[in-house]
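Protein chains: 2
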Amino acid sequence: MKAHVYVTLKRTVLDAQGQTVADALRRMNYKGVADVRQGKYFLLTLDATAAADPTAAEAEVNRIAREILVNPVIEEYSFRLEP
Amino acid sequence: MKAHVYVTLKRTVLDAQGQTVADALRRMNYKGVADVRQGKYFLLTLDATAAADPTAAEAEVNRIAREILVNPVIEEYSFRLEP
Numbered sequence: 001m002k003a004h005v006y007v008t009l010k011r012t013v014l015d016a017q018g019q020t021v022a023d024a025l026r027r028m029n030y031k032g033v034a035d036v037r038q039g040k041y042f043l044l045t046l047d048a049t050a051a052a053d054p055t056a057a058e059a060e061v062n063r064i065a066r067e068i069l070v071n072p073v074i075e076e077y078s079f080r081l082e083p
Numbered sequence: 001m002k003a004h005v006y007v008t009l010k011r012t013v014l015d016a017q018g019q020t021v022a023d024a025l026r027r028m029n030y031k032g033v034a035d036v037r038q039g040k041y042f043l044l045t046l047d048a049t050a051a052a053d054p055t056a057a058e059a060e061v062n063r064i065a066r067e068i069l070v071n072p073v074i075e076e077y078s079f080r081l082e083p
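If you're matching them up, the sequences are chains A and B in order. Just so you know, the first sequence maps onto residues 1 to 83 in the numbering used here. Just so you know, the second sequence maps onto residues 1 to 83 in the numbering used here.
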């Protein structure tokens, strides 16, 4: 079982990296992109014990994200479990 | 219309960042995580012209990913369009 965790800066936080990419795209004449936000992506591979109980796996991934992967002051996250 | 682009190191490339996270999780007694890969996540907001033609939007996002966001030597990507 795999867990895909997506971490982005909160909407209210300035995303300098994303703006730099957006500016570069504009300068290089790529059309159609209004805005870019950049974030982090984690792919966790869960072992068989975790995979046996999806509810527990979801709780564990939530805990790992909140306590380790994400800075809750400036970031938010979402995740998706893949069997 | 939004495009979510996920960029990860190829399977064959050593992911030191991901391994560091995995080691930290093990040391801190989080159970059930066998492996971690870390990558980048880009959220592109496409403007109305792009949104009007999903096929063209898909081609443009593919082009932006290949030419700007991804280093094809060591990285691979996938993306998803959200209306």
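Hints may contain errors.
Same chains, same label: a pair holds when it works inside one copy or across any pair of copies.
DMTMM-like, lysine to aspartate or glutamate: derived pairs with alpha carbons at most 20 Å apart [what the hints assert, rightly or not]:
1. LYS2 - ASP47
2. LYS31 - GLU67
3. LYS40 - GLU75
4. LYS40 - GLU76
5. LYS31 - ASP47
6. LYS31 - GLU75
7. LYS10 - GLU60
Source of the hints: derived by calculation from the structure; they are not laboratory data.
Now for the hints, and whether the structure bears them out:
1. LYS2 - ASP47: within (9 Å within a copy, 33 Å between copies)
2. LYS31 - GLU67: Answer is between; shortest inter-copy Cα gap is 14 Å, intra-copy 39 Å.
3. LYS40 - GLU75: Both, since 10 Å and 15 Å are each at most 20 Å.
4. LYS40 - GLU76: Cα proximity of LYS40 and GLU76: in one copy and across copies (11 Å, 15 Å).
5. LYS31 - ASP47: between (43 Å within a copy, 9 Å between copies)
6. LYS31 - GLU75: neither (29 Å within a copy, 24 Å between copies)
7. LYS10 - GLU60: neither (23 Å within a copy, 26 Å between copies)
Violated hints, listed in ascending order, are 6 and 7; each of the other numbered hints is respected by the structure.
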